[in-house]
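S.K.: Now for the letters of each chain:
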Amino acid sequence: MNTVHGLSRRKFLLGSGGVVALALAACAAPVPAGDTSQEAVAPAMPEALEVDLWHGLGGADGKTFTELVGQYMEENDHVTVNEELLTWDIFYQKVPSSVIAGNPPDMIITHEWAIGQWGPRRVLSAADDFYDSMGVPRDDFIPAVFENIHYEGSPLGVLLDTHGSGGYLNVALVEAAGLDPASPPTNRTEFVEQMSLLTLDSQGRNPTDADFDPEDIVQYAFHSHFWRRWAMLEGMWQNGGNTVNEDGTQATIDSEEVTEALDFWHKMVHEHHLHAVPVGYSMTDSYQNNTLGLAIAGSWWRNFIQDSNLVDTTTFWRVPQYGLVEPVAWMSAHVMGIPTGTDEEGTMGASELIVWLSNHGLDWARSGQPPARISLQNDQVLQDHWHTGNFGSQFQNIGRTEQQHANITEIQNAYQQEFEAVITNVKTVSEGIAEAQLRVQEVLDREA
Amino acid sequence: MAAISPEQRRIGKPMPRWRKLLPNYLFLVPYFVFFFLFLAGPNVYGFYISLFNWDILLPNKPYLGFGNYQELWLDKLWWLSLRNTVLFAALTVGGNVLLGLFASVLVKQQPPGHQILRFLFYTPVVLSVAVMGVILARVFNTEFGLLNYYVDLVGLSTQKWLGEQRFVIPILSLSTVWWTFGFPFLVFLAGLLNIPEPIYEAARIDGVNRLQSFTHITLPLLKPVTLFIVVTQFIAHFKVFGQMWIMTLGGPGNSSYSVVMYLYDVGWRFFRMGYASSLAFGLAAIILVVTLINFRFLGGRVEY
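Protein sequence lines correspond, in order, to chains A and B.
Residues in the first sequence are numbered consecutively from 380, following my numbering.
Residues in the second sequence are numbered consecutively from 11, following my numbering.
Bound-form chain A, shown alone (with noise of 0.2 Å):
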């Protein structure tokens, strides 16, 4: 007989057959969430909870989220939280999938600008009980901020904070350069002035002297982190512009006023040098290493600046107006929502954490992230703390938010894309104008 180690083929092959059965067993669709069928009787409050909590808060305010869940652990020791962080462009891939496969997490923190995909997609619960029954006040967020996570009359979370950009500016730098910190710029020619002292070459000379030498700079005036979204958004909404219209039908990117914003920023970078070309260039190293004068960064930069030691020789300005009718910060916020999918078990647990999370956002602020919460906002100790306190009354004055959009990634994208690409001189500024309204506008029309 044909044996290997008293294994017969027959016996293999029906071995093999029987692995092969497993494999594609395993393989089956799972039970859908929410199938009710095989449990006649709701489940009673369990006696441990466990919340699966998905977000990407791996920024530098993500160490205070890890700090606060853990936190929330020891006070409420029947909830175990599984935290798993993951970058944002993962994030917002891996969300979708979970849904579509039913198996979703308990809980996600998105972003507010992202509810306008997530709406129609069906990826969020309507998270009115929050409101209704669950003691979370409508009316103590800003209304912009809170009005933009709704979808068909419903808020589709629970806001955690309102974040978004502002100045980070390197006192020595200033006052070396014969600035006072404490006088920032009103308007467009003082920004420019004041900013122009702030650029250096290896001589130490200025964009403003004769011989200064564009090739060889060794310090900038300023950087803004996110160039390519807030930095062209703020222009653009300073000049009075916008990408789209109102109702979002209508790409408005080749108006006037977006094409001064874009030529604006252009300058900066190769005309004035104020600004260095972006590709390539770190602004963290920078300002780390006192290489430039002025940051616009997030409000998620505090733990960054604490931890490397900048507190002392850091001070906070407002985003400063580039453009020419009014001051504009661009904001946003971190959204709790529930994906559509969760188990009612999960939903118990997440709803817990979110409902005190919202309540803890004076907590959540030692990120530097402003709570959602205009009244944790207003607290006076906050108030008074240069970063937060600063970063929560400019979005309450100047702050405004993107407009919310199905394909708002792809129109983010498209725009981007060609102002990026005007900025680092690979195209004209009416090229990437035309190029970059062509391509939003098709987005909206296919939308259509």
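A hint or two may mislead.
Listed below are several chain B residues computed to face chain A (Cβ distance under 7 Å; list not exhaustive) [stated by the list, open to error]:
hint	residue
1	PRO134
2	THR152
3	LEU172
4	GLY263
Honestly, the hints are just simulated from the structure, not real lab data.
Note that CB positions come from ideal geometry on N, CA and C, so glycine has one too.
Starting from the structure of chain A, add chain B where the hints point.
M.R.: Chain B only, in chain A's frame:
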């Protein structure tokens, strides 16, 4: 006379041909199950998806026929990303073949320290793309990069390496060659060691010098190995994603935006799986054409 048992009867009768062959086919079954489940099936389904406006999360997925392919034909970004990808792949494959061949010839001569050289040449291959990307992004950083430090040290003007259109693809390609040439190096070395030494000896007796020996013996006899390397390298580098994603995000101004980056954006960031599938089939068609061209020029039979 004792009755013949069924067992004895079976032994006496020749086994039918299909019974003889059955086990062979059964051994192939596990492979084919996985092949159809994870390769052929998804491909067929991917093509099916490419015929629809398939937003992964919307219930309504209208049938478009070949509409996505028509859009692809007119899509400027597709052609731009394809141009970047072809340029990157051509430079990288060329660099890998030349450097891999040079290194393998060098090591075959067994100079002092050749074992260390072999180790050094192959070491970068074990790095993940993320590690490679982060390291080289810092090397080419405008302000604090290692390269600009040395450029400045020798008195030349520093450059915005990754911030300039003319440099970005060559730099990405150069970085990838440093990272991946260890594999072609090993395959070439194996090919070189496989060439019978008597051929070289006979040539030497006939007065052939080293250069002639390399061009008339080594290169022709390495043709099958070269074909293998060129084909696999082209396929690999046409699918470039990680380096660009980490080092440039496709910039400056889409100058290093690759087809797979575009596909990723369309599929996973914009949720347009139908169009992303048509991009994938477009890229597969291009790879197929390039592979056929490679076979046409390098696929001749070699005998010795």
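S.K.: Determine for every hint whether it applies to the structure shown.
M.R.: Hints, one by one, checked against the model:
no., hint, result
1, PRO134, "21 Å, violated"
2, THR152, "5 Å, holds"
3, LEU172, "3 Å, holds"
4, GLY263, "3 Å, holds"
Hint compliance for this structure: hint 1 alone is broken.
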